[in-house]
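Could you put together the complete structure from these sequences and hints?
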Amino acid sequence: EDQVTQSPEALRLQEGESSSLNCSYTVSGLRGLFWYRQDPGKGPEFLFTLYSAGEEKEKERLKATLTKKESFLHITAPKPEDSATYLCAVQAYAGGTSYGKLTFGQGTILTVHP
Amino acid sequence: EAGVTQSPTHLIKTRGQQATLRCSPISGHTSVYWYQQALGLGLQFLLWYDEGEERNRGNFPPRFSGRQFPNYSSELNVNALELEDSALYLCAGARVGEQYFGPGTRLTVT
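If you're matching them up, the sequences are chains Z and G in order.
As numbered in the numbering used here, residues 1 to 114 make up the first sequence, in order.
As numbered in the numbering used here, residues 115 to 224 make up the second sequence, in order.
Quick caveat, the hints were computed from the structure, so don't treat them as lab data.
Glycine residues also receive a C-beta, built at the ideal position from the N, C-alpha and C atoms.
No false leads were mixed into what you were given.
Simulated DEER-style distance windows between Cβ atoms:
id, chain 1, residue 1, chain 2, residue 2, range
1, G, P176, Z, T26, 27 to 33 Å
2, G, F174, Z, T26, 21 to 27 Å
3, G, R181, Z, E81, 36 to 42 Å
4, G, N173, Z, T67, 27 to 33 Å
5, G, S141, Z, E45, 16 to 22 Å
6, Z, G16, G, S141, 38 to 44 Å
7, G, N185, Z, E9, 36 to 42 Å
8, Z, P80, G, T144, 36 to 42 Å
9, Z, S20, G, S200, 33 to 39 Å
10, Z, H74, G, P184, 41 to 47 Å
11, G, N193, Z, E81, 38 to 44 Å
12, G, P122, Z, N22, 33 to 39 Å
What follows is the structure, given as structure tokens:
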């Protein structure tokens, strides 16, 4: 069974204090690893997809990296508006060209203080 | 381009009743996925529809069911509601791997 573990559960940073969130996974044939941002009471907002070990993607202050066992979401010089829950999810091969379900971690609650 | 829409935003039901939740994916997205996000449990996969067919379901009882219409919109039905069904129900649309989520329907069972 696919499993995703995120750490830490919660992270409090001062504005400008860079840090990283971790996502460890086990999956039977990784099709993709996804990062989402979720604000309270809202649906997850898509951030990145990573497909193979060594791949990196960046968006503003966020950079996602992928190895064969884990992914990191690096946050550089965060701002208060980066406060949210960050979710990691994996997608396994579903057969043929099908794209199946996402298996999510519990998320990391990030709070950035001004 | 319009995003994924879900209705209603909030739904309050009593135990034993039935709930119907609706989702319209982004134009061109033919797959719809349903997830349940209960407090403290994270997002749990419920159902996957593609081209009108149910492709996979998660570890939920048969009283959770749904369908996908020819225009790719989808409906989730929950029968015989129980208190533990209270949660945020999220749908996501996709054409290829990336899933785009709607704002969710908050279901409260009293």
